[in-house]
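So the chains spell out like this:
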Amino acid sequence: MKKAKFYPWYFALISLIIYTVFSVVPGLIGIGYSFTDWSAYSRELHFVGWKNFAKVFSGNSEYLRYILNTLLFTVVTCTFKTGLGLLFAVLLNKGVKLKNLHRGILYMPSVLPILVTGLTFSSILNPKYGFLNAFLKSVGLGFLAQKWLTDPHIAFGSVMAVDVWRGTGYIMTMLIAGIVAISPTYYEAASIDGANAWQQFKYITLPMLRQTLAVTIVLNVIYGLKAFDIIYALTNGGPGHRTEVMNTAVFNMMSKGLYAEGTTISSVMFVFMVIIGYFMVKILTKDEVVE
Amino acid sequence: MNKKLLAALLCGTAAIGAVSTCALAADTTITLLASQDWVYDAEMELGEKFEEETGIHVDYQIIPADQYYSVLMTKINSGECADIFGGQSGRFDIVTQYNVEENALPLNDEEWVSYYDEYAKAETSVGDNVYGMIYFDTTTDFYMVYNKKLFAEAGIEAVPTTFAEYMEDCQKLMDNGIVPFYECTADGWHHVMWFCEIGGRFEELEPGITDKLNNNEATFADTEMFKTCLEQIKEMADAGYFGDNYQSDEYAGMAYALGSGEYAMTMAKPGTIAEIAEASDGEYTVDDFGMFYIPTLDCQVLNVHPVGPTRFIYSGAEHPDEAKQYLAFLARPENLQYMIDNEPKVENYPFNADQTPAYSEETRAFIDGSESRGTVFQDAIKYLNPQWFDFGQDIIAYLNGDMEAEEVLANVDARRADQAAAAGDEAWS
Amino acid sequence: MGTKGKRITADVFKNILAWAVAMLVLVPMALIIITSFKTDKESLGMSLTLPTQWVFSNFNTVIEKGKLAVSFINSLLYAGFATLLTVFSATMSAYVFSRRRSKGFSILYMYLVLGMVIPINYVSLMKIMQLTHLNNTRLGIILLYAALQTPFTIFLVYGFVSKVPVELDEAAVIDGCSPMSLYFRVVFPLLKPAMVTAGVLCFLNTWNEFIMPLYFLNSTTKWPMTLAIYNFFGQFQRSWNLICADVILTCAPVVILYILAQRFIVGGQTAGAVKG
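Chains as they are written, first to last, in this note's numbering: chain A, 253 to 543; chain B, 32 to 460; chain C, 709 to 984.
Next up, chain A with everything else stripped away, as it sits in the complex (with noise of 0.2 Å):
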């Protein structure tokens, strides 16, 4: 049969065109607006070559540590999610009563609107009125208690472990779907030759597993390289610059009119996503059967 008459491309046309439009086109025009002086202050728009770009990378720390803290924050709270989320994923597979009920419990946070999440922690964690710091007092460990998001050695940890603590079900459950798909006969085998738990664990579930958790490695990745409403609702980028952000300092310099240097940065970014995220989908959509 003939491909192109059966599986006609305009079939795909409504998601190109969407997609293009609000999603790529304002990319592009980012890269070329970041070559102006578009700001709040002035109608007229001046070619101004490499200045902005110039003005972010000149040495000037600031950005430099703004993109520090977004590869800190992507690869802490890769790690923790999939080494958690791998934990739990194996630890809610077998002999835990109930265990749909807490599968469906972790992935909870998942669910909820990133925005709530951020405005609920800043209350908990809030070192007076929270109910963290109260907790730890009333059962005598108030040696821990801490300026969660204020105390500048802390903060950026805190809104990583609400971070941890927001994604980890959603990353446990796609494991789980991938330890389901295992089958039990490689276990079977494996407990008739004698080995033990750990065993099965290393040469069978994370083999087989490489796959699943390359996905949600990438996909973690992703999202870290883009936070943004975490940080948002719960520092906004405090105390001082601490727990600053690539997407905090876009928006940041959009709020104070500078447009230019704002959608500079996005375009940087959008650059560097274009071609890591090249790898990426490479990844994701590799056709390698598992099996």
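The set of hints was computed from the structure by calculation and includes no laboratory data.
Take the hints with a grain of salt, since some may be wrong.
To be verified - With a Cα cut of at most 30 Å, we get these calculated BS3-like pairs of lysine-lysine: (1) C/Lys-811 - A/Lys-254; (2) A/Lys-255 - C/Lys-900; (3) A/Lys-303 - B/Lys-243; (4) A/Lys-380 - B/Lys-203; (5) A/Lys-389 - C/Lys-722; (6) C/Lys-871 - A/Lys-534; (7) B/Lys-203 - B/Lys-258; (8) B/Lys-258 - B/Lys-180.
Got chain A; can you put chains B and C on it based on the hints?
Quick look at chains B and C alone, frame taken from chain A:
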């Protein structure tokens, strides 16, 4: 309620059919965009009266303070703003920040302009055109508010007149188990006042500094007293005089904090005293609180701040006439009086409409007792007010040891230069 | 201790651990629920102590002051239509891409899925919205959400479509089906489970989003629930009882949907990831 729900459901269903605009029951709805704390409950009550009278519904859109300007500026620049938008005024900023000549409608023909305070008018006008209506009690400013009882208990006899005295008093209060000062940096703006509000003192210490800064002949980073002022803020914070929760504390919690007797001082408008007394559950009355000058750099100058949250009518407003009507309604003498009578934070408005101000004896005495007055820096200095929150965030970084005082000030200069360049200011070219 | 004893100990330990972890999720939720029934004063710090006086009227207050009825309808409208549009168009696209694997189509597929990664440039998106006169319209928001969700949905459905045997198509073609009827009569019914999964996820994501309306919708009468709660927080910063009540009402629809559709989410979500 049921009726409302039904209306909403019907609206929703209609919209499902057409995915079109959904008009509410009221004939016309005007939108008002404002930051938190700019729209008091009493104003919303007036808004209801306004609707009864005219059939025009006012839709108040309140944005948390630290996000307000990003939302406002994006909307203005998108060409899609609310009919009425709030913003700080100031003769420089209304041009450089909001570009009111393009983005707001002139209001010269409005009746209230005839009894609008002259200073207020000057700060909201460009050339001969009035663009905004200050709807905030700018007749008083933020002063140091203190609890007389707690001061007496700590053995403090007179209010401090120098920074050193102030610090001693703080220590006495601390020793007495009282947190000296309620600072609330969580909203991002309150702590900046320690610096900006003492503009009069800056000018006193270095006459001409205002003009020099505005003509780009001096910078913040190169002027020693500015650094000293920041250092004094850090000194207070490091000594624990703000309590150990100040970076999570919010302005909205001020009345409770002082009313509970846990804190002895704060920086607030005189009208706040009534709120504190109310929040104290009978523990204190308004007479238990007094005021003194903001003590950074030994300031003894009364700070004057003719600028405040202002209402502008967006040039692209969908309902400009209704919006004008609403402002006119607010400015009616009886409605100004209504706000003064019903909102403790408002003791007066910058209008000469024969309204009766609600100043307490204490406030009157404090204001009349001042020998010298000076305009606050955010009004006197170009390109300072728009970066208030950035400055605030940098100060926090400085208090936390993440930045040096010099860097904070250099950033202020850099942001001013950016803005000046964008505005085509000749002094910076 | 025998193997069996060991296993029992291990299981007991596992169960305790499972509950400990569950508590980490449940406690914050319990805090919200309990606080939502408290008085203004009691709610200052969220705690697990039960309210001395149960204030059910908090919910009424919130519905009225938080403009929840209107915003609920809005959310429903945006999430509903965006989901329908996305799922409908993305499924068709995924179908074509999965069936045609020529170089050109692979590149197009790549181009679409790349959307999962690229950041949105809100500044210049504003220009597009103005140019297309979609700013501050409900249609605009729906289209934006569709654009936002399309890449992931295509990616998700692509995995499912690959599993629908091509032989079915061939048989249908021999029977004389046109491309349209081949898709709508033969393939479409088989993709229903995939569409439910994609639809639920799309709905959840869209319901929870708040940045798009923050920038692109002006009047509060068009605001969805997430933005309404943001506005509410601005006004009632101190009243955690009301905020919590608002939180509950905002989250209820997604939580209910999640509970109802749990098996689709868990089962379907990973189909793209776990191939084979």
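Hints and how they fare:
no. : hint                  : verdict
1   : C/Lys-811 - A/Lys-254 : holds, 16 Å
2   : A/Lys-255 - C/Lys-900 : holds, 23 Å
3   : A/Lys-303 - B/Lys-243 : holds, 29 Å
4   : A/Lys-380 - B/Lys-203 : holds, 23 Å
5   : A/Lys-389 - C/Lys-722 : holds, 28 Å
6   : C/Lys-871 - A/Lys-534 : holds, 19 Å
7   : B/Lys-203 - B/Lys-258 : holds, 26 Å
8   : B/Lys-258 - B/Lys-180 : violated, 34 Å
When each numbered hint is compared with the structure, a violation occurs for hint 8 only.
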